[in-house]
Amino acid sequence: ILNVEQSPQSLHVQEGDSTNFTCSFPSSNFYALHWYRWETAKSPEALFVMTLNGDEKKKGRISATLNTKEGYSYLYIKGSQPEDSATYLCALNQAGTALIFGKGTTLSVSS
Amino acid sequence: DVKVTQSSRYLVKRTGEKVFLECVQDMDHENMFWYRQDPGLGLRLIYFSYDVKMKEKGDIPEGYSVSREKKERFSLILESASTNQTSMYLCASSPHTGTTYEQYFGPGTRLTVT
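Respectively, the protein sequence lines represent chains A and B. With positions in the first sequence counted from 1, the corresponding number in this note's numbering is that position plus 2. Counting along the second sequence from 1, when you hit position 109 you're at 101 in this note's numbering, and nothing is skipped either side.
None of these hints come from the bench; they were simulated from the model. Treat the hints with caution; some may be incorrect.
Said to hold, decoys possible - Result set (BS3-like, lysine-lysine): computed pairs, CA atoms no more than 27 Å apart in a straight line:
#, chain 1, residue 1, chain 2, residue 2
1, A, Lys61, A, Lys44
2, A, Lys59, A, Lys80
3, B, Lys63, B, Lys49
4, A, Lys71, A, Lys59
5, B, Lys5, A, Lys44
6, A, Lys44, A, Lys59
7, B, Lys62, B, Lys45
8, A, Lys59, B, Lys(-5)
9, B, Lys47, B, Lys63
10, B, Lys62, B, Lys10
11, B, Lys(-5), A, Lys61
12, A, Lys44, B, Lys63
13, B, Lys63, B, Lys(-5)
14, B, Lys(-5), A, Lys60
15, B, Lys45, B, Lys(-5)
16, A, Lys60, A, Lys44
17, B, Lys(-5), A, Lys44
So here's chain A without its partners, still in its complex pose (with noise of 0.2 Å):
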């Protein structure tokens, strides 16, 4: 079975802290790496679907990267705000139809 890895489980963090979280996962067969966000009470929603070593996607004061070789994502918030309470789920895809999710970060803003 093949583990996808998010750190740290949770994290709290004040207004306008930056933070980031990570996703690891084995680099053999990659094909993309996807990360949702999931609010309580809505649908996990798509962020970013990243496939190139060293891709960078952005959107807002959001941003991730990717490390196919030594397989690892990274997910950066800049200037968190409490809307951006939420847990954070990695997917790995290796060209089949299902992906592989992480256990997810949770992350709590306090304003």
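Given the coordinates of chain A, assemble chain B onto it according to the supplied hints.
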């Protein structure tokens, strides 16, 4: 916008009952998935389907079955509900070829088995 809907947000059933969870998507996606989400365990794949009448077991298929008679609808069936099937159930869909398999999720069904 892709829309994935699930038949119920909350459901309470008794042990031994047969339970049907329905999922419908409106984007003509070939792939559909059923997950359960439990604290500390993340999203775990129960079953998925890549075409009508086709199904594949995921990581935790025991105690579940699925049905896909139409492309837009994917049903999860608990043949005889047990208390350890109390969980949040999420349905998702994705297009099949020429994509990175981005999944679109429904709102989830929180099932309690008493």
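Practice prompt. Go through the numbered hints given earlier and state which of them the structure violates, listing their numbers in rising order.
Written response: Structure breaks no hint.
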